[in-house]
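Asker: Chains as they are written, first to last, in this note's numbering: chain R, 1 to 114; chain U, 1 to 112.
If you are wondering where the hints come from, they were derived from the structure by calculation, not from laboratory data. Keep in mind that a hint or two might mislead.
[As the list claims (entries may be wrong)] Computed, partial: chain U to chain R, Cβ under 7 Å:
#1 Asn18
#2 Lys42
#3 Gly43
#4 Pro44
#5 Gly83
#6 Phe102
#7 Arg107
Small disclaimer: the values here were computed from a predicted structure and weren't measured. The C-beta atom is built at its ideal place from N, Cα and C for all residues, glycine as well.
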Amino acid sequence: KAGVTQTPRYLIKTRGQQVTLSCSPISGHRSVSWYQQTPGQGLQFLFEYFSETQRNKGNFPGRFSGRQFSNSRSEMNVSTLELGDSALYLCASSLEGQAGGEAFFGQGTRLTVV
Amino acid sequence: GESVGLHLPTLSVQEGDNSIINCAYSNSASDYFIWYKQESGKGPQFIIDIRSNMDKRQGQRVTVLLNKTVKHLSLQIAATQPGDSAVYFCADAVSGNTPLVFGKGTRLSVIA
Chain R
1 KAGVTQTPRY
11 LIKTRGQQVT
21 LSCSPISGHR
31 SVSWYQQTPG
41 QGLQFLFEYF
51 SETQRNKGNF
61 PGRFSGRQFS
71 NSRSEMNVST
81 LELGDSALYL
91 CASSLEGQAG
101 GEAFFGQGTR
111 LTVV
Chain U
1 GESVGLHLPT
11 LSVQEGDNSI
21 INCAYSNSAS
31 DYFIWYKQES
41 GKGPQFIIDI
51 RSNMDKRQGQ
61 RVTVLLNKTV
71 KHLSLQIAAT
81 QPGDSAVYFC
91 ADAVSGNTPL
101 VFGKGTRLSV
111 IA
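For reference, chain R alone in the conformation it holds in the complex (with noise of 0.2 Å):
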């Protein structure tokens, strides 16, 4: 089956600009995670969607934001980006949450702020 899908694969942006990041979970997965991955904090949980809601929140400031389709897809949206905000965002699929067993990683979306 088809695995957890990312677009675009890559991005550069502006600082104050906004940025959409798009991800296809697993058919049949209704968990999706979103995560900041840089070299200097490594993977920080971002937030989660599950049957179009948010279940969970992680510690980042309002300018992320998130949401969920009917059909599972999630997007992730980054308001007036700052240079800080360049890294790879990943997204994870699960069946019911990733506490509930395995969660497939997509390759990521990689962005940079200039």
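Keeping the supplied structure of chain R fixed, place chain U upon it in accordance with the hints.
Answerer: Relative to chain R, chain U alone:
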């Protein structure tokens, strides 16, 4: 997983040797633990998981050991191969709907 600072710990092993990667976690309520492997340019890939009612679980060439008393997790890779070179992350969570908390990772380099 627990923060171990800005520098990624590195483990270098000879091809064919066994590797042991260690991880400390901080939440005593965590009852689900998982190891991921991340190769350059790819997302993390599931290796093996374990629940707190077990202290050992084996997969293909990999074994995870859990010591809840000292909040320590380890991943053992038997007969390490060049393809095992990657960054390895441990993660833990409290069962239910809680998110995984990842450690900073360990870079494994296999010397041919």
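Asker: If a hint holds in the structure, say so; if it doesn't, say that too.
Answerer: Comparing the hints with the structure gives:
Of the supplied interface hints, the one on Asn18 of chain U is violated, with its beta-carbon coming no nearer than about 24 Å to a beta-carbon of chain R, more than 7 Å. Of the supplied interface hints, the one on Lys42 of chain U holds, with its beta-carbon coming within about 6 Å of a beta-carbon of chain R, less than 7 Å. Taking 7 Å as the C-beta contact cut-off toward chain R, the hint placing Gly43 of chain U at the interface holds, the least distance being around 4 Å. At a threshold of 7 Å, the smallest CB-CB gap from Pro44 of chain U to chain R is about 5 Å, leaving the interface hint in force.
The interface hint given for Gly83 of chain U is broken, as the beta carbon of that residue sits about 18 Å from the closest beta carbon of chain R, more than 7 Å. Residue-level restraint check for Phe102 of chain U holds (minimum Cβ-Cβ distance to chain R is 4 Å; threshold 7 Å). This hint is violated: Arg107 of chain U has a C-beta 11 Å from the nearest C-beta of chain R, more than the 7 Å allowed.
Of the numbered hints listed earlier, those contradicted by the structure are 1, 5 and 7.
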